[in-house]
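J.: Each protein sequence line maps, in turn, to chains A, B and C. Each residue of the first sequence is one higher than the one before, counting from 1 in the numbering used here. Each residue of the second sequence is one higher than the one before, counting from 1 in the numbering used here. Each residue of the third sequence is one higher than the one before, counting from 1 in the numbering used here.
Don't take each hint at face value.
[Stated by the list, open to error] Covered by chain B, according to a simulated footprint, are these stretches of chain A (three or more residues, beta-carbon under 8 angstroms):
| id | stretch |
| --- | --- |
| 1 | 76-87 |
| 2 | 277-286 |
[As the list claims (entries may be wrong)] Distance ranges between label pairs, derived from CB positions:
| id | chain 1 | residue 1 | chain 2 | residue 2 | range |
| --- | --- | --- | --- | --- | --- |
| 3 | B | 160 | C | 565 | 52 to 60 angstroms |
| 4 | A | 94 | B | 238 | 33 to 41 angstroms |
| 5 | A | 64 | C | 139 | 48 to 56 angstroms |
| 6 | A | 4 | C | 139 | 45 to 53 angstroms |
| 7 | C | 429 | B | 85 | 54 to 62 angstroms |
[As the list claims (entries may be wrong)] Some, not all, of what chain C presents toward chain B, calculated at C-beta under 8 angstroms:
| id | residue |
| --- | --- |
| 8 | 22 |
| 9 | 203 |
| 10 | 206 |
| 11 | 277 |
| 12 | 302 |
| 13 | 305 |
| 14 | 306 |
| 15 | 314 |
| 16 | 538 |
| 17 | 541 |
In short, the hints are calculated from the structure, not lab data. Glycine included, each C-beta is placed from N, C-alpha and C at the ideal position.
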Amino acid sequence: MDAATLSSVLQGGIVLGALYALMATGLSLVWTTLGIFNFAHGAFIALGAYIAWQFSSVDAWGLPLFPAILLTLAVMFAVGALMYFLLVKPFERRADVVLISVITTLAASAILENGLLLIWGPRSKQIPSLGSGEVALGQISLATSEIILLALVLAILLGLGLFLRYARPGRIMRAVSQNREAAELLGLNVPLYFAIAFGLSAATAGLAGVFVGTIRFMNPEMGTEPLMKALIVVIFGGVARFSSPLYAAFIIGMLEAFSIYVLGLYWAPAVLFITMIVVLLLKPEGLFGNHQRTL
Amino acid sequence: MSDPALQVENLSGGYDPVQIFQDIDLVLHKGESIGIFGPNGHGKTTFLKTLSGLIDPWSGSIRFHGELMNRVGERGSRKWRNFNYDAVTRRRMDPKTVARAGLIHVQQGNLLFPELTVGETLSISSGAAKGREGWSLEQVRGLFPCVAERGDHKIRFLSGGERQMVSVAAGLLSAPRLLILDEPTLGLSPKIRQELCDAILTVRKTGMPIILIDQDVGFLEQIIDTLYLFDHGRISGRMTHAEMPDHDGLMALLFGEYH
Amino acid sequence: MRYDPPLHKTQGLVPLLIALAALIAYPFVFEATYFRHVIILAFVFAIVATSWDLSLGYGGLFNFAHVGLFAVGIYTYSILAKTLGFSPWLSILAGGGTAALVALLISLPVLRLDGIYVILVTIALSQLIYFIVISWSDVTGGTSGMVTLPTLKIGDYRLSKDGRIGYYFVGLGLLVANLAFLYLLTRSRLGRAIVALRDNKYYAIARGVSEARTRALTLMASAVFTGMAGAFYAAYLRVASPDAFGIGFLTVLLSILLVGGTGTIWGPVIAAFVISVLSEWLAGFGAWQNIIIASAIILVVVFYPGGLWAAVQELREAVDALRTSLLARWRRREVRAREDRLNAKERFIETRHGLIAIADTGDKGKPALLFLHGNSACKEAFYKQFHAFRDMYRVISFDFPGHGVSSNGDPETAYNIAAYAEIAEAVLEDSNVADVRVIGWSLGGYVGLELAARANVEVQALAIAGTPPLNQVPIDFGRGYNPDSHLVLASKQYFSRQEASDFGNSATAPVSEDSAFLHRNLRRTDGRARLYMIGKLGIIDWPRQMRMLSQGKFPFALLSGSDDPFLNHDYIARLRYGNLWRGIPQDIPGGKHAPFFNKPDEFNMRLLAFLHDAERDRGDEKENTREIDREIDRDPGLGH
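Whenever a hint applies, use it, and build me the whole structure from the sequences.
T.: Structural data, given as structure tokens:
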């Protein structure tokens, strides 16, 4: 492997890692606060991409890209919060909430994906690129769009991390996830913070969708594969800390980039799944995890 | 005469479909403190959880400073056994509203938020205090010096006693008008226990009304004005401070020759 | 242990046979082959969904690789029958074998995990199988799959001929075999271990259930017919495609399971037909098809989590409630026959718990006796006592709600011991009776104890028959009764004919001219009355009854039949209370659960003696209290 190939593989790995980090963070946000697994996360990714397309494409409303992204995030936040009130809250006190929410979120995912098909049709679409041109860093040249993507993802994850660590609403979100009853007894509005967690998760999924939409063609099922990857990342890294899925995302991104290079496109996913199963067997709480479910 | 601080009438409840306590009547006048004494497993904690809204009451009413805390009336008939009524009926009581009215419940063996630090926990604990003057952070730190020392530690790493102190501290920061303490000294070492009892006594001396559940009659005597005996999900007796017998006397009262 | 009789002893067998006969007759009656195709697919879905229910519903193992097992069956058939040229029939059997083998592999990681991690790892495994299938394209055909698979033949007859009638019956046979397998498995030792592990893992392990072995066997058992169904599916459609791994297929199966109801065998079977037909019917609507089905799933799990099976149960309950209520209404017209039997007037009063039928001999001057009947009986059970005691006493009895000719009540509120005691108070008030002697039989005994403990009416004496007083419920329940008797039926909602006569024979008397009316009445009882009465035992303050008895404020007699099949006679014999008549529990020699019915003379004699003694004691006591009152009058200080 020569230096140019290595750097392009590394570069691909980093971009993949950034996308996975974004998706996995959203997924683990809901998992850790509500204790449920949101199977509609993939559909959120697709929905975000389509909404951003609607705002930004010259064939639709034609807004500039960055305002369109902000609007998309707002819409996705509302969709996520709504989803919590409709599909999780009615049975959150039942003992089998984990299984029921698997089913309702799967069903919601079917509704969203087919809804996308009805509204926007099956024709492939693409979102305008984040930027054009390349930036040369010594011998390596990076696409501007990739740098912007990386910067945005890191900024957003950093912001989210700081929000959870230092802002009062962020701290409360962590609190409600750890002990619902105690939070209620302190007069905290638990459903509101659950809805915020769901909304934030949906917004990050939407953002990931926007990024995917600028790189590839969009279709209503575009979220399925990223969902699986996010799942691998979350299991691989565990959810002990906000940062654990992040490390895992970049490791998985690299692993995927290298296995595609070495084994080809078809066998790469199998490598990832086997890795994940091995990690689960050896350390069910994840590579960076401990048993406590928390943010 | 003004409304009593807390007036509970005919309260029944439990975990559907099992009824745990029934027809509880209880009055707490302003500035007064009461104790609840009774055997374990007879529904005291469930009753307190219902008072603070964690569990919906089945019937009866809870008034706090004249304000109704629950939607009264019998629960609607749940005719279709498999229908998820929780999805369509509003809860009859909301713990958030109760806490914001100033009825603060410090749970038994409270685990709080294991991954939050003491400082973080205290920083979010004033949520219920909207518009009311409560204890300040400094006052609370003065009351529990060892809590103040461990501000950066995660609650998970605290001892049971320290955790209980943080719970009480968090309760005080919520500007309580009535503090419910459910067996605060359960399972603590004598030294820590004494420290906690002293702190609770200090709180009581500021005029804070308290509902205290404890198995230690001596401690109860220091805090309360009226004692309720709780037996098989019912109030089986009520006595003033002066009428209170010692521990053995209470046990005889509760269990009779049956004991 | 829960009473769970085999299928042929309940009323489940007949509907099942009717359904099977209908499915066998169907292709001969209706020729339309397209709809026949839909039903063949429904057979496949029903097999996969019910097998999945074994691990997910019964075992509580969230195995989301189940769809992968189905795909394993498909590809086993494709590779064996097409590539390697094996017999298609053997390939179908082999599909079950490979699926079970893969299930064993799946169980390895599952054994180490719990809850949501099981879902995640099984999804990952299912994806892994998927990626292996599409990557290994030399063998599996990759993303394009395999086509023109060999069809099934018997001799030279191709099963697809005559509108696929051959496939129809192979599918039906496979479904029946699968259901029989699951039915027997769930009732076996292994089946009980599976449920025990789900309900209380650590307790089950402590009782010697091997978690690893049971879980592995659960997954393998759920895989066998799933794999065969997959192989059959491939043989039927003659294609193998990786679409079988898709979220779409998973959603359809999950919806069948959830809409049908988890933890039952029959619910998902019904749902498989409903959802197959529904989704076929919606097929013309394009994307709306999935949206409508997904919305239906959400509505079901949010509002009615029990699914179709629970709805069937609830419907059955409603029909049974209507039947018993109409029966009671109809029999109210036979008032003459009842009045003649009791030689007493019947009247009805409206209470909080519905219309209550009272029989009352009505001599206001005489002391009042109140008789309380037992579970699933009626006031006429005491007709021998009505005749024997009417000269000296005013005899009153009434039908509990849901019993006799009283109306059915709201099961939540009316069918429990406290409510019956409350009704007894209403009956006494309506009869203008201030003080009463109460005789309670069986369930009525507890009602009598509760009536006395409530202390709203003055109970001057209490006799109970066939009732062991309980202190700790439900622990003492096991001690006071003989659990091997037909008592297990006392809480069963629906009686088959056999069960009705079993219970009637044990609780009252074998059918004879004398007891025929009791057996006839049994079938009128609202089944919910049995179910809810047992379910609401917890709302009674049992220790209050015991404190009352030990304080001995009134004379109390225990009169049990010496041959009562329900009772644990050792438990009864040890009972002692403050004011127990003659100091010990009394046996009626030769008496059964209803000693007043099968040994009336013996019983009446003792009851009369008890009532006399009670009267005399009360007289003495009155003297005593009068003495004390006089003392207090003389010395006011003594009262404080």
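J.: Confirm or reject each hint.
T.: Against the structure, the hints:
1. With 0 residues bearing a CB less than 8 angstroms from a CB of chain B, the stretch 76-87 of chain A misses the requirement of three and the coverage assertion fails.
2. Taking a C-beta to C-beta cut-off of 8 angstroms, the stretch 277-286 of chain A contributes 0 residues in contact with chain B, too few for the three needed, and the coverage statement is violated.
3. Checked against the given bound of 52 to 60 angstroms, the beta carbons of residue 160/B and residue 565/C, roughly 54 angstroms apart, stay inside it.
4. A C-beta distance of roughly 38 angstroms is found between residue 94/A and residue 238/B, which places it inside the suggested range of 33 to 41 angstroms.
5. In this structure the hint that residue 64/A and residue 139/C lie 48 to 56 angstroms apart at CB holds, the actual value being about 51 angstroms.
6. For residue 4/A paired with residue 139/C, a C-beta distance near 36 angstroms fails the hint of 45 to 53 angstroms.
7. The beta-carbon spacing between residue 429/C and residue 85/B, approximately 34 angstroms, falls outside the hinted interval of 54 to 62 angstroms.
8. Below 8 angstroms, beta-carbon pairs count as interface contacts, and residue 22/C has none with chain B, the closest being about 27 angstroms; its hint is therefore violated.
9. Here the hint on residue 203/C is broken, as its CB sits about 19 angstroms from the closest CB of chain B, past 8 angstroms.
10. Because the beta carbon of residue 206/C sits about 22 angstroms from the nearest beta carbon in chain B, more than 8 angstroms, this interface hint is broken.
11. Given the 8 angstroms rule on beta carbons, the hint for residue 277/C is violated: about 23 angstroms separates it from the nearest Cβ of chain B.
12. Because the beta carbon of residue 302/C sits about 5 angstroms from the nearest beta carbon in chain B, less than 8 angstroms, this interface hint is met.
13. Look at residue 305/C: its Cβ gets to within about 6 angstroms of chain B, closer than 8 angstroms, so that hint holds up.
14. Checking residue 306/C against chain B: minimum C-beta separation of about 4 angstroms stays under 8 angstroms; hint holds.
15. Contact between residue 314/C and chain B, as hinted, is supported at the beta carbon level, the nearest pair being about 6 angstroms apart and thus within 8 angstroms.
16. Annotation: interface hint on residue 538/C holds; nearest CB of chain B at approximately 5 angstroms, less than 8 angstroms.
17. Because the closest C-beta pair between residue 541/C and chain B is about 5 angstroms apart, less than 8 angstroms, the hint holds.
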